[in-house]
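As a plain string of letters, each chain reads:
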Amino acid sequence: MSSRKNGNPHDPAKWELRLYTAGQTPKSLAAIKNLKKVCEEHLAGKYEIEVIDLLKNPRLAKDDQIVAIPTLVRKLPDPVRKIIGDLSDTERTLVGLQLRQQS
Amino acid sequence: MGKSEALPSRVKAQRGTLAKAPTGISGLDEITLGGLPRGRPTLVCGAAGCGKTLLAMEFLLRGAEQFGETGVFMAFEETEQDLTQNVRSLGFDLEKLIAENKIAVDHVHIEAAEIAETGEYDLEGLFLRLGMAIDSVGAKRVVLDTLETLFGGFTNQALLRSELRRLFRWLKDKGVTAIITGERGEGSLTRQGLEEYVSDCVILLDHRVREQVSTRRLRIVKYRGSTHGTNEYPFLIDENGIHVLPLTSLQLNHPASNERISSGVPRLDNMLGGEGYYRGSSVLISGTAGTGKTSLSAYFANATCARGERCLYLAFEESPQQLVRNMKSIGVDLGPWIKKGLLRLEASRPTLLGIEAHLALIHKMVNEFEPRVVVIDPISNFATAGTETDAQAMLLRLIDLLKARQITAMFVHLTAGGNAWEKTDVGVSSLIDTWILLRDIELAGERNRGLYVLKSRGMKHSNQIREFLITSEGIRLEDVYVGPEGVLTGSMRAAQEDREKAAALIRGQEIERKQRELAHRRAALEAQIAALRAEFEATDNESKRVAEQDRAREDQLISERTAAAIRRGADVAKRNRK
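For the protein sequence lines, the chains are A and B, in the order given. Heads up: the first sequence runs through residues 1 to 103, numbered per our numbering. Heads up: the second sequence runs through residues 1001 to 1578, numbered per our numbering.
The hints are simulated quantities; they were obtained by calculation from the structure and are not laboratory data. In this text, a Cβ means the ideal position worked out from N, Cα and C, and glycines have one as well. Hints are supplied without guarantee of correctness; some may be wrong.
Stated by the list, open to error - Covered stretches of chain A (chain B as the covering partner; in silico rule of three or more C-beta atoms under 8 Å from a C-beta of chain B):
| hint | region |
| --- | --- |
| 1 | 13-20 |
| 2 | 44-58 |
| 3 | 73-82 |
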């Protein structure tokens, strides 16, 4: 991943996050748990999480270009970022969300 | 393995062999003896630009259009718009098929730069999308083009490989006939070793460039549970898609016709046992530049069309317009035949395509046009498009192809100056049934054309050389002068003929004179005979007259004596007069 010199330039007021899962798999459940934890710690009060179960809405997989499960999509702020995996590596999750510069 | 019962089985499974899904791609079904393994994945691999995507796409499109099998195209590289445009040039309307729910396209966009990986994941999203696409059209066929893009998008290779293994198992369980494409790797069939996962059927596409000319080739590397052609087969991509040429399946058992067809030149027919070429034979016309090879071919083409048969004329040196114009100048008008659709003139540069691509093209044209006669003018140019061996192999295949269909083939060969006359540098002479040699005869500062029938299998042919004249009225064959002066042609022949005419005139006059002389002598002799006869008659008369006089004198003597006797006594006289 390329290193971003100014990881979080504008400190946006709103974070819109979407987590794609496929059923209640351990990976999905872990992802939801990890995501909530990260958001509470770093984005308290200004985030919004939408969990989409693709088993219920398979069409969205195509529309949103989802291949890997689970996938976290940062819809806002721009640009769109995708983070795949169960988010168990908090450090990499923060880098992926551009909440922290890559060390 | 899940085999869908609802499928229309166009190709019946041969006894004990696995069911196959026909591709509808010209030639490919012949090589695979029916198509791809039904309900199993097939790997199509090859370098960039060798036609993998197209082959996969054609498999889907033809499946939907010809075999009533719906399909899913999962594109990892191209978008739906790109694909639609690409296949439109091949005469397929992808948009329409999508609208009719016969084909579903899903473009999987993977951009490594915008993906971060943290922790464990799987590719369930891909499965879901594929499953949804399959369900949306009830797909029997699936294309994944190309899966290897995944390896660029994700870093966890071990996970990817286990997911791929799961994917192929899943595809088999679904019972779909799948094509997976893969980029050719160094020392392996695919860059990521996809052949590990797809073990039923592997097709390798190849795109080679030799001496600036490219040739596409296809080979079935393996096909588990089925026999298949093992050679490299050339293939073409044109406005109708892919054409594979199952060439080497041909054997030396073509039928032999006794029918004879005219060469278009009556004198030449005479030389060929009086009837012309055999139908379905291969004719070679060889000669140096400007000996009238094309003219002779045009005559043959003309005669073919005049019989109401179709003729395919492949010109590698002249444009159709030029050929028509030039032939018109020697009294052959090919224009009307073209308009009638009996003659098809195809002109292309031999170096435009690889030699096998040429063969493929001819194969295709023969299939489409179904000619009775094919003229190839000239074949010598093939040697420039490939190597000599290639050219020979190609012509051998071509001859086989045409013979098997009872198509009479005429090959024109340009002999390079200085070469032996009786040699073709593409080495086809032994494959040819009738060989006509045109050559220059240079005499007394003049070049004339001579024509021989070098060989003609299965017929009694003239062994004489003929002078070959191209006039504005057409081709004429003349006897050459063979005599004490040697073989003479052209104006030397004409001069010699004139001389002979003069000599004949003189000889005629001489004979006349002698005859007159003889008549004179005869008349003289007859006169002599008449004179002699007159003399004879005169002598005869004279002798008669003398005899008469003698008798008269004797009578008088007797009468005088009688009178005297009477005067002397009577009885003596009576005795004497008795």
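Outcome of the hint check:
1. A stretch counts as covered by a chain when three or more of its residues have a beta carbon under 8 Å from one of that chain; for the region 13-20 of chain A and chain B the count is 1, and the coverage is violated.
2. Counting residues of the region 44-58 of chain A whose CB falls under 8 Å from any CB of chain B gives 3; the rule of at least 3 is met.
3. Given a C-beta distance limit of less than 8 Å, the hint that chain B covers the region 73-82 of chain A holds, as 4 residues qualify and 3 suffice.
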